[in-house]
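2 protein chains.
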Amino acid sequence: MSKSELQRADIEAVLAEFKDPETGRSITQLEQVKAIQVEGANVSLNLALTSHSAPIWEETRNNLETLLRSRLPGLSQVQIEISEHERPPVKLGQVGLTAKSVIVVGSGKGGVGKSTIAASLALGLQRAGCKVGLMDADVYGPSIPHLLGASGRPEVSEKQIGSDEAGNPVVARRITPIDVGGLKVISIGFLVPADKAVIWRGPMLHGSITSFLRDTDWGPLDYLVIDMPPGTGDVALTLSQSLPPTGAVIVCTPQDVALLDAVKAIRMFQEVRIPVLGVVENMSYFLCPDNGKRYNIFGNGGAKKKAQEFEIPFLGEIPINIQLRVNGDEGNTGANFNVPEVASPLEKMCTQLVREIASKHQEEPPLPSLSVL
Amino acid sequence: MSKSELQRADIEAVLAEFKDPETGRSITQLEQVKAIQVEGANVSLNLALTSHSAPIWEETRNNLETLLRSRLPGLSQVQIEISEHERPPVKLGQVGLTAKSVIVVGSGKGGVGKSTIAASLALGLQRAGCKVGLMDADVYGPSIPHLLGASGRPEVSEKQIGSDEAGNPVVARRITPIDVGGLKVISIGFLVPADKAVIWRGPMLHGSITSFLRDTDWGPLDYLVIDMPPGTGDVALTLSQSLPPTGAVIVCTPQDVALLDAVKAIRMFQEVRIPVLGVVENMSYFLCPDNGKRYNIFGNGGAKKKAQEFEIPFLGEIPINIQLRVNGDEGNTGANFNVPEVASPLEKMCTQLVREIASKHQEEPPLPSLSVL
Numbered sequence: 001m002s003k004s005e006l007q008r009a010d011i012e013a014v015l016a017e018f019k020d021p022e023t024g025r026s027i028t029q030l031e032q033v034k035a036i037q038v039e040g041a042n043v044s045l046n047l048a049l050t051s052h053s054a055p056i057w058e059e060t061r062n063n064l065e066t067l068l069r070s071r072l073p074g075l076s077q078v079q080i081e082i083s084e085h086e087r088p089p090v091k092l093g094q095v096g097l098t099a100k101s102v103i104v105v106g107s108g109k110g111g112v113g114k115s116t117i118a119a120s121l122a123l124g125l126q127r128a129g130c131k132v133g134l135m136d137a138d139v140y141g142p143s144i145p146h147l148l149g150a151s152g153r154p155e156v157s158e159k160q161i162g163s164d165e166a167g168n169p170v171v172a173r174r175i176t177p178i179d180v181g182g183l184k185v186i187s188i189g190f191l192v193p194a195d196k197a198v199i200w201r202g203p204m205l206h207g208s209i210t211s212f213l214r215d216t217d218w219g220p221l222d223y224l225v226i227d228m229p230p231g232t233g234d235v236a237l238t239l240s241q242s243l244p245p246t247g248a249v250i251v252c253t254p255q256d257v258a259l260l261d262a263v264k265a266i267r268m269f270q271e272v273r274i275p276v277l278g279v280v281e282n283m284s285y286f287l288c289p290d291n292g293k294r295y296n297i298f299g300n301g302g303a304k305k306k307a308q309e310f311e312i313p314f315l316g317e318i319p320i321n322i323q324l325r326v327n328g329d330e331g332n333t334g335a336n337f338n339v340p341e342v343a344s345p346l347e348k349m350c351t352q353l354v355r356e357i358a359s360k361h362q363e364e365p366p367l368p369s370l371s372v373l
Numbered sequence: 001m002s003k004s005e006l007q008r009a010d011i012e013a014v015l016a017e018f019k020d021p022e023t024g025r026s027i028t029q030l031e032q033v034k035a036i037q038v039e040g041a042n043v044s045l046n047l048a049l050t051s052h053s054a055p056i057w058e059e060t061r062n063n064l065e066t067l068l069r070s071r072l073p074g075l076s077q078v079q080i081e082i083s084e085h086e087r088p089p090v091k092l093g094q095v096g097l098t099a100k101s102v103i104v105v106g107s108g109k110g111g112v113g114k115s116t117i118a119a120s121l122a123l124g125l126q127r128a129g130c131k132v133g134l135m136d137a138d139v140y141g142p143s144i145p146h147l148l149g150a151s152g153r154p155e156v157s158e159k160q161i162g163s164d165e166a167g168n169p170v171v172a173r174r175i176t177p178i179d180v181g182g183l184k185v186i187s188i189g190f191l192v193p194a195d196k197a198v199i200w201r202g203p204m205l206h207g208s209i210t211s212f213l214r215d216t217d218w219g220p221l222d223y224l225v226i227d228m229p230p231g232t233g234d235v236a237l238t239l240s241q242s243l244p245p246t247g248a249v250i251v252c253t254p255q256d257v258a259l260l261d262a263v264k265a266i267r268m269f270q271e272v273r274i275p276v277l278g279v280v281e282n283m284s285y286f287l288c289p290d291n292g293k294r295y296n297i298f299g300n301g302g303a304k305k306k307a308q309e310f311e312i313p314f315l316g317e318i319p320i321n322i323q324l325r326v327n328g329d330e331g332n333t334g335a336n337f338n339v340p341e342v343a344s345p346l347e348k349m350c351t352q353l354v355r356e357i358a359s360k361h362q363e364e365p366p367l368p369s370l371s372v373l
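Just so you know, the sequences run in chain order A and B.
Read in our numbering, the first sequence has 42 at position 42, and its numbers run on one by one without any break.
Read in our numbering, the second sequence has 25 at position 25, and its numbers run on one by one without any break.
For the chain B half of the interface with chain A, some residues (derived, Cβ under 10 angstroms), not all of them:
#, residue
1, Ser115
2, Gly141
3, Leu147
4, Thr253
5, Ala258
6, Lys264
7, Cys288
8, Pro289
9, Asn291
10, Tyr295
11, Ile320
12, Val326
13, Gly328
Hints listed in this document are in silico derivations from the structure and should not be mistaken for laboratory results.
The structure presented is a predicted model; accordingly, all values stated were derived computationally and were not measured.
All C-beta atoms, glycine included, are put in the ideal place defined by N, C-alpha and C.
Extracted from the complex, chain A is given alone in its bound form (with noise of 0.2 angstroms):
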């Protein structure tokens, strides 16, 4: 045994402890290293990460780093490339949705801004290299194609999928979703006019919850991000029951009154059994634009504190701005991520939902799959 292949011995025991945040389990198990060169005190690999931790790969990549230097004092330059590693998403629950994750955005209240969050989570995931859906299942106030600019009406086909016993032709309805710059999108929006009221009750909401989701061509996704309504429990029960959410989101304003509601919209998703990944402080503050002040207008940081008390991870505060209403106006939702003051909190949002995600998975990781057996 040359010093050289001890070496490599060293870095593969090291790389084994070392887990996918995506799966929990570790990166040498599911062969996501490739390409290991060791050369003298210098060590250059390939890990390969599947695009669900798309927006943690940078912070992956350097904590592998920080592992391998902690265990191998000798080590010189370290070089990790990352690249795309195909892990195809599993089929969920009886709607056959095939995503990794699915997270519903809820509030105990309206008007928080829930839709620009959900659809800002969406857009984020998407920029940081996720193959993302949205759906807006807020039936009542559908706000995700006027945020986004997206209009049209989603083509239906009909697709025969089987024979029943007499021979005739068994057919589905397949739904493409609407496009958004790679983004899928579908929306009750886009079949409903716009300045219709719907006056839904129980069992259609449940039938087209579960249409929406089981009929529409989502395609393979990293996460599925669904917009809830806001209020009744009834979207999040159907939800439970027809497939496992990875967990919710509760966005909320600080507020004591909209506080209290989303206390409730907490209770609510732990009723129904969806585990709540975080709380989001929306219109934190506004920041004056000509005197620079800050102004806790609807109050400031009661949604950490509530957060603390549940002992749930907190999001981040994204302040009141001007242009950042002028863009949801505009069906700009997306240029946010241009606006510096929001643009950083936006981005923190998505990342820290996402480590939430990692660590949950390495907390709990899934049972063993047929490939490591």
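Take the given structure of chain A and dock chain B to it, following the hints.
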């Protein structure tokens, strides 16, 4: 016929033309003019008006004076005193509520300050001298108790209302509303813990709303203000079936995406045949307390334009104000009538609403009641 008697007849003829704002009928027909005194060119009289029209008493007095002067150019001094005219409210609909007007406050979207506006309407009408009840029908997020700093459990008692054929007592449930400085308040928030999520299904919702209306000991009211849940038309449908609500006030914020939802609310009320009495634009602008500049954080003026477009009265713009939010968070919504930048638009909103109801009565006078026959 002396000269003085002739003048009296002239005056009575003019008075007969003048319509009571509450009923839209002649003030002499319903014997609302008392103690007419004519002395030379001077007239004094007492006009009896019900507390229902209290916010526009002064305006009504001025209108009568203007009419008298325009018809009788020889008049010198006119003195019109106002006294309270008793007119018992009628029982409304199946639920047997005794109220003269039922105002539902709705919004297509939550979080626009609907509950703050509903509470302010109730408080403003009460401050002007009306007998007011406030019902929080926003079962998903009852904010009224918090906004009014009201707590406690309404007393529920059983009262024998008759006997069945076998002689067994028939009892009815009576709920005593919470008294908040004279305002009678009922809310699901008094019955369910603040941090408990309520997952309502349609039929339960229908039952709880009619039970709240029917079983509450409101006493005779000039106005019952109902804070509606956002979104679904279920509750509006229930109310239109069990009552004839006088009309709806729509609250919205100025940004496009909220106006879209306000338009839906207008359509929804039209569909369930509740007339829309007006639109309030909340969070219209932020007056920076330091530089005095006006920031249209959520835009401005959109609601007024929408109101014009739909030929619906516009009831005013309420600014974003930190003290207003603090008062709400501290359960002291009534104190907003002491904040100058806020009090004036709030008072105008109440007066404008009463005016709209009055002018509606004058356009469509109700069927003559027995007292006229």
